[in-house]
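**Q** Let's have the full structure, built from the sequences with the hints guiding it.
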Amino acid sequence: MKTRIAIISLIVVAVISGLVWHYNQPKQKINRTIDQFIRAIEYNSSNLRSRDDVHEAVKVSTEDPITLKVSELPFNIDIPREMSLEGLCNRIDLLHSMTVRREFKKLEEDIQLMGNKAQLTRIDEITMTSPLRESRSELWKIIFDLELKEGWKITAIRARRHQ
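Residue numbering for the sequence shown follows my numbering, beginning at 12 and increasing consecutively.
Where hints are given, some of them may not hold.
As the list claims (entries may be wrong) - Label-pair restraints from in silico Cβ distances: (1) Gly-98 x Gly-29: 40 to 50 Å; (2) Ser-146 x Val-31: 38 to 48 Å; (3) Lys-80 x Asp-104: 16 to 26 Å; (4) Gln-36 x Ile-134: 15 to 25 Å; (5) Val-81 x Arg-15: 37 to 47 Å; (6) Arg-15 x Asp-121: 21 to 31 Å; (7) Leu-105 x Lys-38: 31 to 41 Å; (8) Ile-18 x Ser-95: 48 to 58 Å.
As the list claims (entries may be wrong) - Straight-line distance between alpha carbons at most 25 Å, and here's what the computed DSS-like set of lysine-lysine pairs gives: (9) Lys-164 x Lys-80; (10) Lys-128 x Lys-80; (11) Lys-128 x Lys-164; (12) Lys-128 x Lys-13; (13) Lys-117 x Lys-40; (14) Lys-80 x Lys-38; (15) Lys-80 x Lys-13; (16) Lys-152 x Lys-116; (17) Lys-152 x Lys-80; (18) Lys-116 x Lys-13; (19) Lys-164 x Lys-152; (20) Lys-117 x Lys-128; (21) Lys-152 x Lys-128; (22) Lys-70 x Lys-164; (23) Lys-80 x Lys-116; (24) Lys-116 x Lys-70; (25) Lys-70 x Lys-128; (26) Lys-117 x Lys-80; (27) Lys-164 x Lys-117; (28) Lys-40 x Lys-128; (29) Lys-38 x Lys-152; (30) Lys-128 x Lys-160; (31) Lys-117 x Lys-152; (32) Lys-40 x Lys-152; (33) Lys-40 x Lys-164; (34) Lys-80 x Lys-40; (35) Lys-160 x Lys-38; (36) Lys-38 x Lys-70; (37) Lys-70 x Lys-152; (38) Lys-70 x Lys-117; (39) Lys-70 x Lys-80; (40) Lys-80 x Lys-160.
Just so you know, these hints were derived from the structure itself, not from any lab.
In this text, a Cβ means the ideal position worked out from N, Cα and C, and glycines have one as well.
**A** The structure is reproduced here in structure tokens:
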């Protein structure tokens, strides 16, 4: 009986250790940073109940200033090449006021690690719904550059429509 309890205890400790090890892997930390940023843009998470929560999620996941290169934006919207966190939060607020729902569906993902830098490339189907309930979906290739300082932070975002 004691042997059985000892074996079960060892298995439980091994499983918990494996989960902690997996959780702390760089790729997992990078994915959590990107997911936090995407949830801030989607703004439908139960954790993000106010604009302040969205702004905080953006600040925690991105570096100030952030480099942006987005091609083919609708409505001829122009964005600067480099933007402060305040400017980025204002743009996200504008997006939230122009649409009632935003959804990012990840189709493909690739992560490249290079020391304290990483690049995550995603192909997402992005669906936006207007206040009149008109939905529009497009495929986008989004490339996130990240750097490890006190945690993984997004330093640049490049995006374009994907064929």
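**Q** Would you mind marking each hint as holding or not holding in the structure?
**A** Evaluation of the provided hints:
Under the hint 40 to 50 Å, the C-beta atoms of Gly-98 and Gly-29, about 42 Å apart, fit the expected range. Between Ser-146 and Val-31 the beta carbons are some 41 Å apart, a value that agrees with the proposed interval 38 to 48 Å. Checking the proposed 16 to 26 Å range against Lys-80 and Asp-104 shows it holds: the Cβ atoms sit about 21 Å from each other. Take Gln-36 and Ile-134: their Cβ atoms lie about 23 Å apart, and the range 15 to 25 Å holds.
Against the hinted window of 37 to 47 Å, the Cβ-Cβ separation of Val-81 and Arg-15 comes to about 59 Å, which falls outside the hint. Evaluation of the 21 to 31 Å hint for Arg-15 and Asp-121 yields a failure: the beta carbon distance comes to about 45 Å. A hinted range of 31 to 41 Å for the beta carbons of Leu-105 and Lys-38 is consistent with their spacing of about 32 Å. Between Ile-18 and Ser-95 the C-beta distance comes to about 56 Å, which sits within the given range of 48 to 58 Å.
Pair hint Lys-164 plus Lys-80 holds up; C-alpha atoms about 17 Å apart against a cutoff of 25 Å. A threshold of 25 Å between alpha carbons decides the hint, and for Lys-128 with Lys-80 the separation of about 19 Å falls inside it, so the pair holds. In summary, the hint linking Lys-128 to Lys-164 is supported, as the alpha carbons are separated by about 10 Å, within the 25 Å threshold. With a C-alpha separation of about 48 Å, the suggested pairing of Lys-128 with Lys-13 is violated against the 25 Å cut-off.
Of the supplied pair hints, the one linking Lys-117 and Lys-40 holds, its CA atoms being roughly 17 Å apart against a limit of 25 Å. The suggested pairing of Lys-80 with Lys-38 holds, with an alpha-carbon distance near 24 Å, which does not exceed 25 Å. Restraint check: the Cα-Cα separation between Lys-80 and Lys-13 comes to about 62 Å, which exceeds 25 Å; the hinted pair is violated. The hinted pair formed by Lys-152 and Lys-116 meets the criterion: a straight-line CA distance of about 12 Å does not exceed 25 Å.
Proximity of Lys-152 to Lys-80 is assessed by CA-CA distance (about 12 Å); at most 25 Å being required, the pair is judged to hold. For the given pair, Lys-116 sits about 49 Å from Lys-13 by alpha-carbon distance, which is inconsistent with the 25 Å threshold. This hinted pair checks out: Lys-164 and Lys-152 have alpha carbons roughly 19 Å apart, not beyond 25 Å. Between Lys-117 and Lys-128 the CA atoms are separated by roughly 22 Å; this keeps the pair inside 25 Å, and the hint holds.
Restraint check: the Cα-Cα separation between Lys-152 and Lys-128 comes to about 20 Å, which is no more than 25 Å; the hinted pair holds. A C-alpha spacing of about 9 Å is found between Lys-70 and Lys-164, which places the hinted pair at or below 25 Å, so the restraint holds. Between the alpha carbons of Lys-80 and Lys-116 the distance comes to roughly 21 Å, so the proposed pair stays at or under 25 Å and holds. Under the criterion of a C-alpha separation no larger than 25 Å, the hint pairing Lys-116 with Lys-70 is consistent with the structure, at around 23 Å.
Restraint check: the Cα-Cα separation between Lys-70 and Lys-128 comes to about 19 Å, which is no more than 25 Å; the hinted pair holds. With a CA separation close to 20 Å, the supplied pair Lys-117 and Lys-80 stays within the 25 Å bound. Between Lys-164 and Lys-117 the CA atoms are separated by roughly 20 Å; this keeps the pair inside 25 Å, and the hint holds. For the hint linking Lys-40 to Lys-128, the alpha-carbon distance of about 13 Å falls within 25 Å, and the restraint holds.
With a C-alpha separation of about 19 Å, the suggested pair Lys-38 and Lys-152 falls inside the 25 Å cut-off, and the hint holds. For the hint linking Lys-128 to Lys-160, the alpha-carbon distance of about 9 Å falls within 25 Å, and the restraint holds. For the suggested pair Lys-117 and Lys-152, the alpha carbons sit about 10 Å apart, so the restraint of at most 25 Å is met. At roughly 21 Å between alpha-carbon atoms, Lys-40 and Lys-152 fall within 25 Å of each other, so this suggested pair holds.
With a CA separation close to 10 Å, the supplied pair Lys-40 and Lys-164 stays within the 25 Å bound. Restraint check: the Cα-Cα separation between Lys-80 and Lys-40 comes to about 24 Å, which is no more than 25 Å; the hinted pair holds. Under the criterion of a C-alpha separation no larger than 25 Å, the hint pairing Lys-160 with Lys-38 is consistent with the structure, at around 15 Å. Distance restraint check for Lys-38 and Lys-70: the Cα-Cα separation of roughly 20 Å lies within the 25 Å cut-off, and the hinted pair is therefore satisfied.
Only pairs whose Cα atoms come within 25 Å are accepted, and Lys-70 paired with Lys-152 is accepted, the gap being roughly 23 Å. Proximity of Lys-70 to Lys-117 is assessed by CA-CA distance (about 23 Å); at most 25 Å being required, the pair is judged to hold. For the proposed pair Lys-70 and Lys-80, the alpha carbon gap of about 19 Å is at most 25 Å, so the pair holds. Distance restraint check for Lys-80 and Lys-160: the Cα-Cα separation of roughly 23 Å lies within the 25 Å cut-off, and the hinted pair is therefore satisfied.
Hint compliance for this structure: hints 5, 6, 12, 15, 18 are broken, all remaining hints hold.
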